[in-house]
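All chains should be built: construct the whole structure from the sequences, respecting the hints.
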Amino acid sequence: MSSFLSQLHFQLSCALQQRIEICKLRQGEHLILGFSIGGGIDQDPGQNPFSEDKSDKGIYVTRVTPGGPAEVAGLMMGDKVMQVNGWDMTMVTHDQARKRLTKKNEDIVRLLVTRKSLEQAVRHSMM
Amino acid sequence: MASVNNSKNLRDSDIQKKIDHEIRMRDGACKLLAACSQRDQALEAAKSLLTCNTRIMAYMSELQRMKEAQVMQRVARRSDGTRSSDAGPMDDRLPCKGKVAISDLRIPLMWKDTEYFKNKGELHRCAVFCLLQVGGEIHDTDMVMVDRTLTDICFDNTIVFSEASPGFELRVELYSCCSEEDYSAGSAPRKLASKLSSSLGRSAGKKLRVAMDPGACSPTSNAGAATLLLPGPAVAGPKYHLLAHTSLSLSHVQDSFRTHDLSISGNEECSYWVPLYGSVCCRLAAQPHCMTQQMMSGCLKVKQLGGDPPSWTNVYGVLKGTNLFCYHRQEDMEANVEPAFTIAINKETRIRASEKDPHSKAQSICISNQYGGEEVTHTLSADSREETHRWMEAFWQQFCDMSQWKQCCDDLMKIELPSPRKPALVTSKQGSLYHEIVIDTSDDISTVTDILTRRMQELELRSQLGTSPPWMSLFEESPGGPRTPRLARHSPRSPHRLPHSPLSSLRCPWPGLLSSDASLTSDSDSPCSTSPCSRHRGWAEPLSLSSPRFRPRTLSLDAKLSTLRGRGYGGVLQCSCQPPSSSSLAPIPAQCVPQATLSCSSSTSSNSSSEGSHSPSSLDGTPFSRPSSARRSLRNLRAKLDPRNWLQSQV
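So the sequences go chain by chain: A and B.
Residues in the first sequence are numbered from 1196 upward in steps of one, following the working numbering.
Residues in the second sequence are numbered from 95 upward in steps of one, following the working numbering.
Possibly wrong hints are sitting among the right ones.
Looking from chain B toward chain A, a few residues come up when the C-beta cut is under 8 Å (computed) [unchecked claim]:
(1) W205
(2) T436
(3) N440
(4) C460
(5) S462
(6) Q744
Bear in mind the hints are in silico, worked out from the structure with no lab data behind them.
Every value quoted in this text rests on a predicted model; they were computed, and no experiment measured them.
Every residue, glycine too, gets a C-beta built ideally from N, C-alpha and C.
Right under this line is the structure:
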């Protein structure tokens, strides 16, 4: 029993890494991805509702537009964005993050995100 | 050999023409100085004189350096009989040149309270200007009159040097001249100067002729001529002295404001002394040519991934900046159609030539990039070996440029040339609250804040009636002005400006303080943010007086402000759901305004350290304009008082 619990604890502290490929959608002059981000090294991390560690200054997905390119690609609210097309997003300002996602010459962005999923952690520990 | 000499002679004569031109300008300035009666004219003429002299000196040194190089080459040729090439060894790759622009220079001042009591009667004023030099190119800024009502010296000029190498050294020199001396009075140093110049007149003239002669090849005589040429004709009139200087280089280049240290010469005893805080704030941007120009273009074939036998697509490739744009046809590029695809060519790209394809005779080029952990390789092929070689050369040159220009090649920095017209609401004095508020030294902090509170209330009423003092324009947004281009960058993303606000676009007379204001209508104002309060989050920062990121304030002021808040004025700030009444809002600017003014005098470093970029997330100490412009919208939109500051952006 104790080993199961410690295993469970280990799984809970792990996060799932996902690779998400989003094809930008053209709306008039703009290329949009269909989600919102929050966070950054210049923001107050205590206000982040999605982070477990309240000193985490990373970039989090705060909203996903229903039916938008991000939702179609599998991005979920609460995901923490680690990389965008190879660029690190764990130590960037909010505006740097926004800029890296909205480069005009890129049609596709490949995100590396981590997702805390209790369900999956429990499932893994059962196997 | 003849062609080398010809190009040398061409450069020589170019420089001599420039020297002649500057000497003529200098003569004109001297004549003007002698003729003018008004102090302002004299100061301007003296400024032109100094600029001309500095330019002449720079050209003379360049001439001297060229002659020295010529002599060295002749010596080398004679000694070993081989011909040395002009540009050095051929396998050394030279990085491309670029544009370097310096703008929004601001030098904070540090007046002591005793300054207020010196010089009974008229203000002690100095005329200041800056000389900016890169290599042989020298530019001067406009002249600014400085007196104790000014908190910063601001130069609005944007100065662009078009051909700078990555190892450039931008020398910034601040000259000042007391504007109260009586210039016509005879003085011993001047008499000496005139004696010297007249006695050396003949020999100076001879040496000057020798210097101008392209055949002269002795460096020492040129050096002598250069120093004798400088004092020139003795002039009566104001003289500028070097007050401070600094040198900037590639490591200081950034796409935002930065603060640099100044080396100060002179001391309080000098007539031209102005109490500088010791730093200069400016925006130094660079656009290397490899980022703005097409470095290479031509027809290429791109291998399609997968498929056997591999198929090739014809594209027209253009190498510019950190990208290789591949268009379907050349006409597409000229018509500004979007490219078919883009291959990144940046610091992390790896390029190599390969001989893999046994069918084609030409080599192919493989370009590898990392996209999100995966390596993506594009294989390109040119029409012939020579073309392939030219493309590889272009790529190597690009890598060389990027390694030399470093951070300038990450993203293209904007260089804006200022619009020629000045907005009508600009105050003639460079906006200072000291001007308007009478504060006795015996007043303590509480009296100061009370005075300011009353003043703001007065101004509230007055602005409602339509009249407002000139410095209110600090809090007003006006159309046009140098910040508009930056705003335009943000406006497509957030078309929602504040409703009910009579203000249109921001004007920042204090660029350092208000730089982040340009982004107030940021993405955080988009209608699609999650929480109901987030719409107004962008406005929240300035009112969050408890935010740890705020500039340091004097402790007594802190205490005073918190008691003011405790009394209920600040209650508006804490509760986001109460509609603020107009009476309780009046003190808010008072709380914020003294921060700005008093912290200006006590720690101007906080002014100049607002290094934040023009991003919506930049929060560094800008209480000055935001609360006032937000004041009106606060009355209408209660949720803007949300003191939380965690921005969200929609992408």
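Hints violated by the structure (listed by number, smallest first): 1, 3, 4 and 5
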